[in-house]
Amino acid sequence: MNGTALLDSALDELLERIRPVLAVVQNGRRGAGAGVLAGDGLVVTNLHVVGRAHSVQVLLYDDTQYEAHVVATDPKVDLALLQIPQNGHAAAVFSSGNPRPGELVYAFGHPWGSRNVLTGGVLSAVTSLRTRKGLVPILRADVQLAPGNSGGPLLNAAGEVLGLNSMIFGGDQSVAIPASLIRSFLAGARTDKLPEAVL
Amino acid sequence: MSNILVELSNSMAEAVEKAAASTVMVNARRRMPASGIAYEDDLILTANHVVEREDGITVLLPDGSEAEARLAGRDPGSDLALLRLEKKRLTPAEPARQARIGQIVLALGRPSQAGIEASLGVVSAMGGPVLTPNGSIDKYIRTDATPYPGFSGGPLVDADGRVVGINTSGFGRGVTLTIPAETAWKIAEQLARSGSVKRGYLGVRSEPVELSDAAREALKRAQSTGLLLVSVERGSPAEAAKLIVGDILVGIDGQPVTEHDALFARLAGDVVGKPIPVEVLRGGKPQTFVVEIGARP
Numbered sequence: 000m001n002g003t004a005l006l007d008s009a010l011d012e013l014l015e016r017i018r019p020v021l022a023v024v025q026n027g028r029r030g031a032g033a034g035v036l037a038g039d040g041l042v043v044t045n046l047h048v049v050g051r052a053h054s055v056q057v058l059l060y061d062d063t064q065y066e067a068h069v070v071a072t073d074p075k076v077d078l079a080l081l082q083i084p085q086n087g088h089a090a091a092v093f094s095s096g097n098p099r100p101g102e103l104v105y106a107f108g109h110p111w112g113s114r115n116v117l118t119g120g121v122l123s124a125v126t127s128l129r130t131r132k133g134l135v136p137i138l139r140a141d142v143q144l145a146p147g148n149s150g151g152p153l154l155n156a157a158g159e160v161l162g163l164n165s166m167i168f169g170g171d172q173s174v175a176i177p178a179s180l181i182r183s184f185l186a187g188a189r190t191d192k193l194p195e196a197v198l
Numbered sequence: 000m001s002n003i004l005v006e007l008s009n010s011m012a013e014a015v016e017k018a019a020a021s022t023v024m025v026n027a028r029r030r031m032p033a034s035g036i037a038y039e040d041d042l043i044l045t046a047n048h049v050v051e052r053e054d055g056i057t058v059l060l061p062d063g064s065e066a067e068a069r070l071a072g073r074d075p076g077s078d079l080a081l082l083r084l085e086k087k088r089l090t091p092a093e094p095a096r097q098a099r100i101g102q103i104v105l106a107l108g109r110p111s112q113a114g115i116e117a118s119l120g121v122v123s124a125m126g127g128p129v130l131t132p133n134g135s136i137d138k139y140i141r142t143d144a145t146p147y148p149g150f151s152g153g154p155l156v157d158a159d160g161r162v163v164g165i166n167t168s169g170f171g172r173g174v175t176l177t178i179p180a181e182t183a184w185k186i187a188e189q190l191a192r193s194g195s196v197k198r199g200y201l202g203v204r205s206e207p208v209e210l211s212d213a214a215r216e217a218l219k220r221a222q223s224t225g226l227l228l229v230s231v232e233r234g235s236p237a238e239a240a241k242l243i244v245g246d247i248l249v250g251i252d253g254q255p256v257t258e259h260d261a262l263f264a265r266l267a268g269d270v271v272g273k274p275i276p277v278e279v280l281r282g283g284k285p286q287t288f289v290v291e292i293g294a295r296p
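Protein chains in written order, with numbering that gives the first Met the number 0: chain A, 0 to 198; chain B, 0 to 296.
If you are wondering where the hints come from, they were derived from the structure by calculation, not from laboratory data.
Not everything, but these chain B residues come out facing chain A in the computed CB check (under 10 Å): (1) 6; (2) 14; (3) 15; (4) 18; (5) 107; (6) 111; (7) 116; (8) 147.
If you want the footprint, here are the derived chain A segments under chain B, 3+ residues with CB under 8 Å: (9) 7 to 17; (10) 97 to 105.
Cβ atoms here follow ideal geometry from the backbone N, Cα and C, with glycine treated the same way.
Bound conformation, chain B alone (with noise of 0.2 Å):
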């Protein structure tokens, strides 16, 4: 018999079917295997909680059989790890677009040998930049779908099996999140580089203050906080670009900032050796001046 839900759960099952063939089981931890999925054909994008040691990884793959694995890579920040397979065996998932609120999702997992396991659920929010215990990732996503014990480093999929994160609980908190697919395939991009994600330096300390009603004006914008710089390394790329203290920064490569968070987020991507243009009020008026961003001690 075909009606409209068996079609649906038809094609869910099979949504689950093709993201599993890009989703193995990662065995890099004392407890319980977490998941991870196929970034390239020898690549597998993890969670980097999950990796606890950096010798004797193995991976089941979605055919049953095990590899070693080596890891070529880990960002602390986004809880993000790479690891290396020795021969191309894998079928790389495929990332999905920008994700919609209320849009249905599976969580993936394969945490054990019996198979890959699905939960359901929406996309209950989506947000960002925030603050990591170890750095900062620049969005967010949310969904309700139950995240199964191993679950960290398998994907959230769309209806129709594509990528549109990696869910990991490693931020604590008991809280799971989403990285979305087009933030965690930058980082994995940099990972399988050069094996660390290099972070943007300004050096600068600031604190977030109130914009004067003259500055606002000034800045032809909805604007109500920037950050006042109070110190100003030495020999740091502020430095070098003029940057002094009592310059309040306003922006960064044309993106309002009003607090940390925004600049962390900016100085997160990769920008690093790169000449971006930093915007502050100078005895209220705005001035650019272009900071060629240096890596973060």
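The following block holds chain A by itself, in its conformation from the complex (with noise of 0.2 Å):
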């Protein structure tokens, strides 16, 4: 096999091993977006898929299609967090390195409603935004970004979370969310010491 070959298949096993962590996220005709699987039946995506709703639908790559309710949510950061029945679904791994602008990154999302689809390109900055709620840390890439993207993962090459699209921040730009921001925003959620939580 050559280099592209190779490239190739190791693409295809990538696509394969997270194509179960992702889910669609609907909100009755405010549209779709994307989630992540975060184990223990916890789905977190952006905030702006979910508006004001307290329960929005969850669909599997499985085609299995759950009511998820809206557990914690952090507009700051623009995150929410949804949970569905814990029956064994896979859990995304949440990188815990430090991302590096160069390196090869994948948005994962539904771009038009177009499902699973595979977007790549490179980090190209690890820096803030400055937004009316302050100082947000992102990640920005050069990979192509639609509706249909928010609440989808940015992955590395390895196939790891590095962050969560989020369209309302980037205007054309990609940026996302990073993973160390997702981390304390589970870990908040799951201690229940939630800023502000809608139970």
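Work from the hints to combine the two standalone chains into their complex.
Written as structure tokens, this is what we have:
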């Protein structure tokens, strides 16, 4: 096999491995975004995908569908946590390493409603963004994003989640909430120390 | 876990790290800062259009420290400028050899304190010579790597972190071009020596014309156009070399000249003061005159 064929098969393998952790998050007529399974029946997504709803529909890769409850939100970093029944779903691995500019990244989501689409690029910058709610640490990448990518993972070459793609901050540039923020959001939600929990 | 994707990813991140050690932030304009690369351990090559002021230029070095810089020279024709630091504090960038279409490249910049930034692409096209708003460049590279704001003056690097060229959006029309490392290094050398790039001057006005069948045959090569000399300036290098109105200029320095751009490009090199053979058709016959090229006034 030449280099390109090796890359192709490595990419196929990556896609197979990560497909079970990607969900579709639907909020009635508001449209659909993506979400990442985080273990214990928890699905992390963008708050702007969920809006003010208390429950949304979650569709998994095997076409099983669940009514999910919104268990925690953090408007400052545009994150929301959803709960579906715990029945042995796959869980994403959130990267604990330092993201490196130039490393390969893949955005995984449902751009324009096309399901399970992978778009590739590199990590462009580890930086922060000044928003109305304060300074938010972010990752920028040169991957193509479209509506439907929001809440989906930005993956590294090993298939670990580097961040959560969040179209709302980026404009035409791809912006992701870094894994470190998602980890602390998850940890906070799990210990019920919810800064702004909707229970 | 290790596979070919992870290896490729690591090697690209390493290429960025290597080139980042030679990429600086250049603070010399009112709006957001731009980028530059270390040409020597006290010289920074950047884009001319981002150097809006000559006083109070500062650079942010890869180690996070700030230094003052002086303008050592600028060449609006190629949109390159050279800055000099007081102390030798830089790690010079390593230029790459010839670029290839389809080759993987990364565009780099350091437009903020947050650190190095990168985007991925391939070499999409190569061309030149081309006229620029203030002169010309002999060669250019185009890439599909995203040019983020503040990337002007930063490097386009190969998969080993070597500099393929310098990116600039300074030629207008919303287009970012890359000045190949070979061209940029030659210009930097002249800027370091004399602060400006002298462009060659013949002292003729010309217009492109079709060559007759007989003339083409006499040339013994596939060339269908040349430049008809419609005037020769008094006291010019061309007059001294005995070129006359009616000559058709068909070659310079061993290279065919079919249009103005080719002649401009040849005169943009390091030719001032040098004897250069100029080939013309006179009375349908090829003749060569040696012209001592002057400096454009």
